[in-house]
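J.: Residue numbers (the working numbering), protein chains in the order written: chain A, 2 to 303; chain B, 5 to 354.
If you are wondering where the hints come from, they were derived from the structure by calculation, not from laboratory data.
Don't take each hint at face value.
Each computed EDC-like pair below joins lysine to aspartate or glutamate, with the alpha-carbon atoms no more than 20 Å apart [to be verified]: (1) K298(B) / D39(B); (2) K32(A) / D181(A); (3) K32(A) / D211(B); (4) K167(A) / D181(A); (5) K32(A) / D39(B); (6) K32(A) / E212(B); (7) K298(B) / E48(B).
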Amino acid sequence: MSLQLLFDALSLGGIYAIAALGIALIFGVMKLVNFAHGQFIACAVFALILPSTDAVAALGLGLLPTPLLILAILGFGAGLAVAAEALVFRPLRNASPVALMVGSFALGVALQNLLLVLYGGRPKAISLWAGLVAPVRIGPAEVPLLQLIVIAAVIAILLALGLMLKRSRLGLEMRAAAADFGMAQLLGVRANRVISGAFALSGALAAVVALVMVAQTGVADVRMGGQIMLIAFIATVVGGMGSLPGAVAAGLAIGAASALLQAGLPDAARPFRDAFLYALVIVVLLFRPQGLFAAADAKPRV
Amino acid sequence: MITQHRIRRRMATTTPILLALLLLAFVALTLALGDRAAARMASETLIRVTLVVGFWIFAGNSGVISFGHAAFACVGAYVSAWTTLNPAMKATLLPGLPPALAEAHWHVLPAALTAGLVAAALALVTGAAILRLSGIAASIATFAFLAMVNTIWANWTPVTGGTSSVVGLARYVTPWVALGWAIAAILAASLYAASASGLALRATREDEVAASASGIDQYRHRLLAYTLSAFFCGVGGALAGHFIGVINPDGFYLSLTFLMLAMLVVGGIGSLSGAVIGVLAVSLAVEALVRLEKGFTLGTTTFALPPGSQEIIIAVAMILVLVFRPAGLMAGREIMLPARWVTGRGTSQN
Chain A
2 MSLQLLFDAL
12 SLGGIYAIAA
22 LGIALIFGVM
32 KLVNFAHGQF
42 IACAVFALIL
52 PSTDAVAALG
62 LGLLPTPLLI
72 LAILGFGAGL
82 AVAAEALVFR
92 PLRNASPVAL
102 MVGSFALGVA
112 LQNLLLVLYG
122 GRPKAISLWA
132 GLVAPVRIGP
142 AEVPLLQLIV
152 IAAVIAILLA
162 LGLMLKRSRL
172 GLEMRAAAAD
182 FGMAQLLGVR
192 ANRVISGAFA
202 LSGALAAVVA
212 LVMVAQTGVA
222 DVRMGGQIML
232 IAFIATVVGG
242 MGSLPGAVAA
252 GLAIGAASAL
262 LQAGLPDAAR
272 PFRDAFLYAL
282 VIVVLLFRPQ
292 GLFAAADAKP
302 RV
Chain B
5 MITQHRIRRR
15 MATTTPILLA
25 LLLLAFVALT
35 LALGDRAAAR
45 MASETLIRVT
55 LVVGFWIFAG
65 NSGVISFGHA
75 AFACVGAYVS
85 AWTTLNPAMK
95 ATLLPGLPPA
105 LAEAHWHVLP
115 AALTAGLVAA
125 ALALVTGAAI
135 LRLSGIAASI
145 ATFAFLAMVN
155 TIWANWTPVT
165 GGTSSVVGLA
175 RYVTPWVALG
185 WAIAAILAAS
195 LYAASASGLA
205 LRATREDEVA
215 ASASGIDQYR
225 HRLLAYTLSA
235 FFCGVGGALA
245 GHFIGVINPD
255 GFYLSLTFLM
265 LAMLVVGGIG
275 SLSGAVIGVL
285 AVSLAVEALV
295 RLEKGFTLGT
305 TTFALPPGSQ
315 EIIIAVAMIL
325 VLVFRPAGLM
335 AGREIMLPAR
345 WVTGRGTSQN
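Next up, chain A with everything else stripped away, as it sits in the complex:
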């Protein structure tokens, strides 16, 4: 039982951590709170199927063999995010963080309604990798194979991202840009390259979340990005805005809290699980308004 809970918490928290990383990466580089991230996830889900308003989904990209499919969807997510940056956020480069945030909210609404126009409002069933929900025995617990794959994938992604940020030139430039964008530019970091890179990474992470959600639920729904984006936001705030390790830690913590609440709450209170979760977050912030891992430059300099 408790081992099962541990796997639930890890796989849920891992997904939250990946979603939160996608938001924290962009916030770190350009102080943009990206409210369109949830719609990037939803768009990546719908990219698997052909546009139509029919109730039954016809697979489009989803017909590709698995390795190609994963690459195609990751590429789609990255491309969408880079396009959004070029069309919407580049013209707003010098705007205030508030204007950027409002602009991303508008972009999210536009993308969501675009999906509604193209695909209709009804949720659609997608049968992708149906075999992955088969349970595997580990000691006393029965764990769906998918959970194990998700946990392994999350660990691999975190390691790869960590290596990339520490070792590669683009990673170095991103960390420099996050620390002080103006100074980094003066030292020869090219702004467009770093920002496009951050968006591409963030979009690819959104696509990872999309693939996991489709495999878990088997459904494509226009509204599916909203809830996970909200949790990811909360994780970035709790973790300390712009802190990547903070976002990962807070994502994992929220996943664990959510799994514990699901198991521990009495039946009558279970539908309110998310409400408890949000309230818990506000309580955490009361005691640590800067978040758990405040970035060094979180306080405004005079």
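Chain A is fixed; fit chain B onto it per the hints.
T.: What follows is chain B alone, placed relative to chain A:
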């Protein structure tokens, strides 16, 4: 000799009067020239003026964007439904209400005031936590608050009816009732903006550090504005419920949040006139787009925009405004009489 300061104060007092006259002219014109659909549009627009002016009291003066104000409208709408619905109907629709509410059968005006007060009380309690955060983090926390209220309202079925709608609200909101509340909101907003607290809050909007160095308690003024702002959003929600007669938690969620934000951004968040002009501009655009979505005939062919394109167009317009006119249509200016009109006889400058 009349001081420059006094002239500014007099000019500022003309703003709410001019805005009220503008709305009055808007109602009179739509009622005189338009059909029943136009009258509905007028009421709807004025309800939005109440909501957006309420929203502006906080967002405009503090510079902090809140995503949570639709939740206050939600609470307001349900409080008004709880207190005014026929008790026999409540017994079947909402069996979980406490006895005092289940038997209540109030007049609509005290119900609207109570709706505002309950929303304000909720804002005071939640704002006390949320407003401790810095601007951007506070915005995200208000989003969490919105989602929290929506989750509770959609699942607390015995009391709120859950995701199924509550029906049978008295439909008393005519354009004139809505006009009355819209003008009340405008008056309150301009009084607050001209008060010491409003001035202090705008100082923190311009420069947080300098304001706190001048002894301004940012948290206190933000909380005051947040509470006042929630009052009018609560009333606006009650009006919206009694306008359509049917309420549902999802009617007060992301699409309302988006609409309120779009109006404020298009009009310009920096001034009260911007909030009012933004509502008028976006409402007229939405009305035109909705008619286009229904389709129109040109010669023998019928053109219609696909459903949902209205939101896309408004969202794109919002982004274009942010890029090309970041301060909005009004660019932070107020509608007011020119200085020489308010200085009076014989006291004109030199």
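J.: Hint by hint, say whether it matches the structure.
T.: Comparing the hints with the structure gives:
Restraint check: the Cα-Cα separation between K298(B) and D39(B) comes to about 17 Å, which is no more than 20 Å; the hinted pair holds. As the CA atoms of K32(A) and D181(A) are separated by approximately 11 Å, the hinted pair is consistent with the 20 Å bound. A threshold of 20 Å between alpha carbons decides the hint, and for K32(A) with D211(B) the separation of about 18 Å falls inside it, so the pair holds. Straight-line distance between C-alpha atoms of K167(A) and D181(A) comes to about 17 Å, which keeps the hinted pair within the 20 Å bound.
This hinted pair does not check out: K32(A) and D39(B) have alpha carbons roughly 48 Å apart, beyond 20 Å. The hinted pair formed by K32(A) and E212(B) meets the criterion: a straight-line CA distance of about 18 Å does not exceed 20 Å. Only pairs whose Cα atoms come within 20 Å are accepted, and K298(B) paired with E48(B) is accepted, the gap being roughly 19 Å.
Against the hints set out earlier in the document, a violation occurs for number 5 only.
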